[in-house]
Amino acid sequence: MSCNSSTETNCACSKDIKKDEESNFDLVLKEKWMEAQKNGVFRYILNIQDSKILEGKYHFLVQLNIDRGYKRRSPENIISMNQPFNGKDFNFTKLVSEEQIMNLNNTDKDDIIAINASPIEYCHSLLLPQRCKQLPQLVTKHSLLKAIELFSLSLSSYIRVAFNSLCAFASVNHLHWHLYYLRWRMLLEYIDLEEHAGPIQILRNYPAKGFCIKYSNVQNMDDFVNWAFLIIDYLQNKQIAHNIYITRGKSNIKENKEEYRDVRIYIWARKSTQGAKDIHAFNLAACELFGHLSIKSKEAYENVTEEYVTRALREATEETFSSVAAEIKALVESQ
1 MSCNSSTETN CACSKDIKKD EESNFDLVLK EKWMEAQKNG VFRYILNIQD
51 SKILEGKYHF LVQLNIDRGY KRRSPENIIS MNQPFNGKDF NFTKLVSEEQ
101 IMNLNNTDKD DIIAINASPI EYCHSLLLPQ RCKQLPQLVT KHSLLKAIEL
151 FSLSLSSYIR VAFNSLCAFA SVNHLHWHLY YLRWRMLLEY IDLEEHAGPI
201 QILRNYPAKG FCIKYSNVQN MDDFVNWAFL IIDYLQNKQI AHNIYITRGK
251 SNIKENKEEY RDVRIYIWAR KSTQGAKDIH AFNLAACELF GHLSIKSKEA
301 YENVTEEYVT RALREATEET FSSVAAEIKA LVESQ
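full-length UniProt numbering numbers the first residue of the sequence shown as 1 and each following residue consecutively.
If you're looking for bench data, these hints aren't it; they were derived computationally from the structure.
Ideal Cβ placement from N, Cα and C applies to all residues, glycine included.
Pair by pair, the computed Cβ-Cβ distance ranges are:
| hint | residue 1 | residue 2 | range |
| --- | --- | --- | --- |
| 1 | 238 | 38 | 40 to 46 Å |
| 2 | 330 | 219 | 19 to 25 Å |
| 3 | 130 | 89 | 17 to 23 Å |
Generate the whole structure from the sequences, applying the supplied hints.
So, in structure tokens, the structure goes:
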């Protein structure tokens, strides 16, 4: 499957697309994002030249986005998982007012949503929790809660939230999460998971092996946040690079094929990218581990195969997953 595309219409050819619900949050975010694009605030106008689903069992989504490859800001030099915030480097306190599109608190402007000036997809924005505290790129429980709360604010089944740790393709060492709408149905919204410990499940029948927590497997929002943060905090304390992807999932795969009311948090422990050369046609960050690949070269886009992607995902995650699975199981069972 392939289609030429741009901005919100970039997936009109996908077979499973339905008319999506929108909340006031969705409407305001989309309006403000499009207004910023119209006013030239971005480094480039989002232009996904082509999209396709790779042939094979995993249905990887590949998109050609040449501008992001060559017009985005150069990533910060990340050398350590515990690298401190450096105010001399680019950070999100330096955003101009036109880049700031939504305040999530009534009392202050510390939790905001801003545009991502180098968008990967429609409405690609940044969730910036406690922005003025100048925190490094380490997940806090507050930031995780704010990321999950976006799924309460939005009615869209296509909203996605992602986090890249230091040494896992984070490009700025200032606490931030990625937010965007991906109007394609994706395998990891409904793939079967394997029981591991407590509410923690394993994504095993997939090249990027990792951990998953489903909202339907816990009692309430506090439990959802706490269980996910338990794993994330373990990885941070061990200085293990990781990526996180939050997506809606099918509520009940067997009984209702259209309902996407559940929420899944995927957590991948992976090889550190410190000092690693860019040997792939794409960065292996959270979106790519989820199955959404943005490619900057037309030649690479035309030649990429499922076998190539599968091998890259396995190389990034398999060894590290195997090294932490038992310890995380014991940690969960001890709670």
